[in-house]
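A.B. asks: This is what each chain is made of:
Protein chains: 2
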Amino acid sequence: MSATPAFNPPHRILMGPGPSGAHPQVLRAMGAPLIGHLDPDFLKIMDQVRAMCRQVMRTENAHTLVTPGTGTSGMEAAVMNLVEPGNRVVVGINGYFSDRIAQMAERAGGEVTRVPFAWGSPVDPDAMERAIRGAGGPVKLVAAVHAETSTGVETPIAPLAKLAHDHGALMLADCVTSLGGIPVEGDAWGADAIYSGTQKCLSAPPGVAPLTIGPAAWDAIRARETPCNTWYLDLNLLETYWDERRSYHHTAPISMIYAVHQALALVLEEGLEARWARHERNGRALQAGLEAMGLVLHADEGYRLPVLTTVRIPEGVSDAEVRGALLNRHNIEIGGGLGDLRGKAWRIGLMGESSTPGNVLLALSSLGKILREQGYRADLRAALDTAAARLDQP
Amino acid sequence: MSATPAFNPPHRILMGPGPSGAHPQVLRAMGAPLIGHLDPDFLKIMDQVRAMCRQVMRTENAHTLVTPGTGTSGMEAAVMNLVEPGNRVVVGINGYFSDRIAQMAERAGGEVTRVPFAWGSPVDPDAMERAIRGAGGPVKLVAAVHAETSTGVETPIAPLAKLAHDHGALMLADCVTSLGGIPVEGDAWGADAIYSGTQKCLSAPPGVAPLTIGPAAWDAIRARETPCNTWYLDLNLLETYWDERRSYHHTAPISMIYAVHQALALVLEEGLEARWARHERNGRALQAGLEAMGLVLHADEGYRLPVLTTVRIPEGVSDAEVRGALLNRHNIEIGGGLGDLRGKAWRIGLMGESSTPGNVLLALSSLGKILREQGYRADLRAALDTAAARLDQP
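Protein chains in written order, with the working numbering: chain F, 33 to 426; chain U, 33 to 426.
No wet-lab data here; the hints were simulated from the structure. Each residue gets a CB set at the ideal place from its N, CA and C atoms; glycine is no exception. Worth double-checking, as some hints may not be accurate.
[Claimed, not checked] With the Cβ distance kept under 8 Å, some of the chain U side facing chain F (calculated, not the full set): (1) Ile-77; (2) Ser-153; (3) Asp-156; (4) Pro-259; (5) Ile-286; (6) Gln-294; (7) Leu-300; (8) Glu-305.
[Claimed, not checked] Result set (SDA-like, lysine to any residue): computed pairs, CA atoms no more than 20 Å apart in a straight line: (9) U:Lys-376 with U:Ala-414; (10) F:Lys-76 with U:Asn-360; (11) U:Lys-76 with F:Gly-356; (12) F:Lys-76 with U:Ala-357.
[Unchecked claim] Computed footprint of chain F on chain U; a stretch qualifies when at least three of its residues, placed anywhere within it, have a C-beta under 8 Å from a C-beta of chain F: (13) 116-127; (14) 218-228; (15) 242-255; (16) 320-331; (17) 356-370; (18) 405-417.
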C-alpha cells in the first residue's frame with residue numbers, strides 16, 4: 033500500500049465571496065450512486081433542473097440549462113456564443129468580473145467598448161447610452177454584472193436592458209452572486225441572457241453554472257456565421273443534449289447535477305421571496321453592525337448588496353493578519369479585496385446557508401475582537417446591539 | 033412549500049462507456065463540508081492532486097493539473113492551448129473522439145489533416161508519417177486517442193510520439209478511457225500532452241479532467257503569439273492558480289477536487305500494476321465469454337481494450353430492446369454504438385469499480401438470456417464456463 037495523503041478538510045464557516053456553506057441535503061445528494069448521462073432517470077433529473085432553473089431565474093426561456101463548469105464557464109458560454117468576430121460589445125466596468133466579460137468578448141473577436149465606473153458604484157445607464165451611441169455602429173451586446181462580487185455593488189438590470197433594446201442590442205446580465213439571494217427577474221427585466229453559479233446564494237458546491245438564453249439571443253446564436261470559439265461550451269451543441277434530441281455532447285457532471293437539483297429544490301421550498309427577505313435582513317444587520325463598530329462600508333449607499341458586503345480595512349490594520357486570525361482561530365473565511373480593492377477592503381459574504389443571524393453576530397464579534405488586538409478601537413458593544421436590533425426587523 | 037421534484041436516482045450497475053460506478057469512499061469524500069478555493073487546506077489538497085496525477089500518469093511534468101470540467105474540457109484545454117491559427121495539425125481518426133480533436137483543432141484555427149482509419153483499427157504510424165510529410169510544411173501537433181471509447185481500440189502512443197518528435201512536432205494523447213485501467217506511461221512514451229477524465233477507470237464522478245503538459249508543449253503555450261480561444265481553459269491563466277502564485281482564476285469545483293483526490297489515492301493504494309492486471313483479467317474474461325456465446329467482437333484482435341469491449345449486434349436483434357431490457361429488468365447500463373457504429377455494436381465497459389468478476393458473469397448471463405428472447409441462439413453455458421475459467425488466469 034503506497035503512502036497516499038490523508039483526506040481531512042477542516043470545517044470552516046464560509047463568509048467569503050463564495051463558496052458559501054452547502055446545505056447538508058445538497059452534500060448528501062452528491063453521495064447518491066452515479067447513473068449514466070443518458071439514463072432515462074437522469075434525463076428526467078435534467079428536465080427538472082431546467083424547470084427549476086427557470087423558476088429561480090423567473091423566466092420562461094426554453095433555452096435554460098446548466099453549463100458543465102463553474103460560474104466562469106457560464107460567463108464564457110454566454111459571451112463566446114453571443115459575440116462573433118467584429119461584433120460591437122459595450123460592457124459596464126465597475127469591478128473585476130465585468131472586466132472579465134470584456135476580456136472574454138475580446139477573445140471572441142468582439143470590438144469591445146469598456147465603460148468605466150468607480151469600483152463601488154453601479155453601472156450608470158446614461159454613461160452606457162453615450163457609449164452605445166459612440167460605438168461607431170450598431171451594438172450587438174450590452175453587458176453588466178448584476179451583483180459585482182468584487183465590490184459588493186448591485187446594478188439594476190432592467191434600465192440597461194431597456195436601453196440595449198432601444199438600440200437594437202441584446203442584454204447580458206451576470207447574476208453569479210445574486211441568484212437565490214436577491215431578486216433576479218429574468219423576463220421582467222427583459223434580459224436576453226443570464227448566467228449564474230451554484231456556490232453563492234444557491235449554496236451548492238461550485239461546478240455547474242445555470243444559464244438562460246432568451247428567444248432573441250437564441251436566434252442570434254443560431255444565426256452565427258462562424259462557429260463559436262469553444263467546442264465544450266458551444267450552446268448549439270450543448271442544447272442538442274439538453275433538449276429532446278438527447279445527443280451525446282459531453283458526459284454530464286452527474287454528481288454536480290444532483291447537487292444543483294437539490295439546491296434548487298431547497299430554494300423553491302424556502303420560497304424565493306422568503307429567501308430574499310432572509311438575505312436582506314441578515315445582510316443589513318451585518319452592515320449596520322459594521323458601521324456601528326466604526327468601520328466604513330465601501331459600496332455606494334443604496335446599491336449595497338445584502339449578500340456580499342465590502343468594508344474598508346482601517347488604517348494601520350494588517351489585512352493578512354486579520355484574515356489569518358479569523359481563519360485559524362475562529363475557522364471563519366472572509367474574502368480579501370480583489371483587483372483595485374486588494375489590501376483596501378474585505379468582502380464578507382452572507383449567502384445561502386451561510387446567511388444566518390448566528391453568522392452575523394459571530395462575524396461582528398470575531399472581527400471586532402481581532403481589530404482591537406490590532407489597535408483599532410472597534411466598538412463591539414454597539415456593533416452587536418445594533419445588529420441584534422436590526423435582525424428583529426423585516 | 034412548493035411542490036419540488038423528489039430526488040431518488042436508481043441504483044444502476046454501470047457497464048457502459050462511462051461513467052463507471054464510483055467508489056463509496058469517493059462519494060463519501062464529496063460529502064465533506066466545503067472550504068474556500070484559496071483556503072490553505074484546500075491548496076494542500078490541490079498540491080496532493082497534482083502529485084497523485086503525476087504518479088498515475090507516470091510523468092514528472094511540472095504542469096499537471098485538473099481542468100474544471102469533464103473529460104471534454106481536458107481535450108479542449110489541450111487542443112485550444114496548443115494550436116494557434118495556421119498551425120498544422122495531423123490527427124489519426126479512428127473513431128468519434130479522435131474526430132472531435134480534429135474539430136476542436138479547426139476551431140482553434142489549425143490547418144488540420146485528418147488521417148482516416150477503420151473504426152475498429154488502431155492509428156497506423158506509417159500512414160501518419162505519410163500525412164506528416166504531405167502536410168505542406170512543418171507540423172505543430174500530432175494527435176491520437178490512446179483508448180478510443182467509441183470503438184474499444186487501443187492505439188500505441190510511443191511510436192506516434194517518436195514519429196512526431198522526428199518531425200519536430202508535439203504529441204498529444206487522449207487517455208480519457210485508459211488512465212487507471214491500462215498502462216499510461218506519459219514520460220516513457222514521450223507524450224507532450226495527455227488529458228483524461230475521472231468517470232472511466234478512475235471511478236470518480238465526471239466533472240474534472242486530469243491534464244499534463246510536458247516542457248516542450250509548455251514552451252509552445254508560453255510562446256503563443258495570440259491568446260488562446262478560451263479564457264476558462266487558458267492554461268497560462270489556470271497555471272497561475274495551480275502553481276505557487278495562487279492567483280484567482282475560477283472558483284475550483286471543490287467537491288469534485290475532493291472526489292478526484294480520493295479516487296487517485298485509491299488507485300495508488302491498489303497499485304497501478306495490480307489495477308492494470310485486474311482490468312486485463314476481467315476484460316479478457318468478458319471478451320472470451322462473448323465469443324464463446326457466439327458473438328463477434330468488433331475491434332481488431334491485438335488492439336482490444338480490456339476496459340471497453342465493442343461487440344457486434346447480431347442480425348435480427350433489436351439494439352433498443354436489448355439495452356432497454358438490460359436497464360429496466362437488470363439495472364445494467366451498457367452503451368450503444370456511437371457515430372459510425374450506431375445500431376451496429378454495443379459497448380460494454382469494465383472500468384474502475386465496475387471491473388469485477390461478478391459484473392463479467394452478470395453481463396454475460398443477462399445479455400445471453402435477453403438475446404435468446406430475441407431469437408438469437410446464445411450459448412450461455414459456454415459463455416459462462418469460458419469466462420469463469422479466464423477469470424482464474426492472470
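A.B. asks: Look at each hint and say if it fits the structure.
C.D. replies: Okay, the hints, checked on the actual structure:
{"no.": "1", "hint": "Ile-77", "in the structure": "holds (7 Å)"}
{"no.": "2", "hint": "Ser-153", "in the structure": "violated (22 Å)"}
{"no.": "3", "hint": "Asp-156", "in the structure": "violated (26 Å)"}
{"no.": "4", "hint": "Pro-259", "in the structure": "holds (6 Å)"}
{"no.": "5", "hint": "Ile-286", "in the structure": "holds (5 Å)"}
{"no.": "6", "hint": "Gln-294", "in the structure": "holds (6 Å)"}
{"no.": "7", "hint": "Leu-300", "in the structure": "holds (5 Å)"}
{"no.": "8", "hint": "Glu-305", "in the structure": "violated (12 Å)"}
{"no.": "9", "hint": "U:Lys-376 with U:Ala-414", "in the structure": "violated (24 Å)"}
{"no.": "10", "hint": "F:Lys-76 with U:Asn-360", "in the structure": "holds (15 Å)"}
{"no.": "11", "hint": "U:Lys-76 with F:Gly-356", "in the structure": "holds (16 Å)"}
{"no.": "12", "hint": "F:Lys-76 with U:Ala-357", "in the structure": "holds (19 Å)"}
{"no.": "13", "hint": "116-127", "in the structure": "violated (count 0)"}
{"no.": "14", "hint": "218-228", "in the structure": "violated (count 0)"}
{"no.": "15", "hint": "242-255", "in the structure": "violated (count 0)"}
{"no.": "16", "hint": "320-331", "in the structure": "violated (count 0)"}
{"no.": "17", "hint": "356-370", "in the structure": "holds (count 3)"}
{"no.": "18", "hint": "405-417", "in the structure": "violated (count 0)"}
Violated hints, listed in ascending order, are 2, 3, 8, 9, 13, 14, 15, 16 and 18; each of the other numbered hints is respected by the structure.
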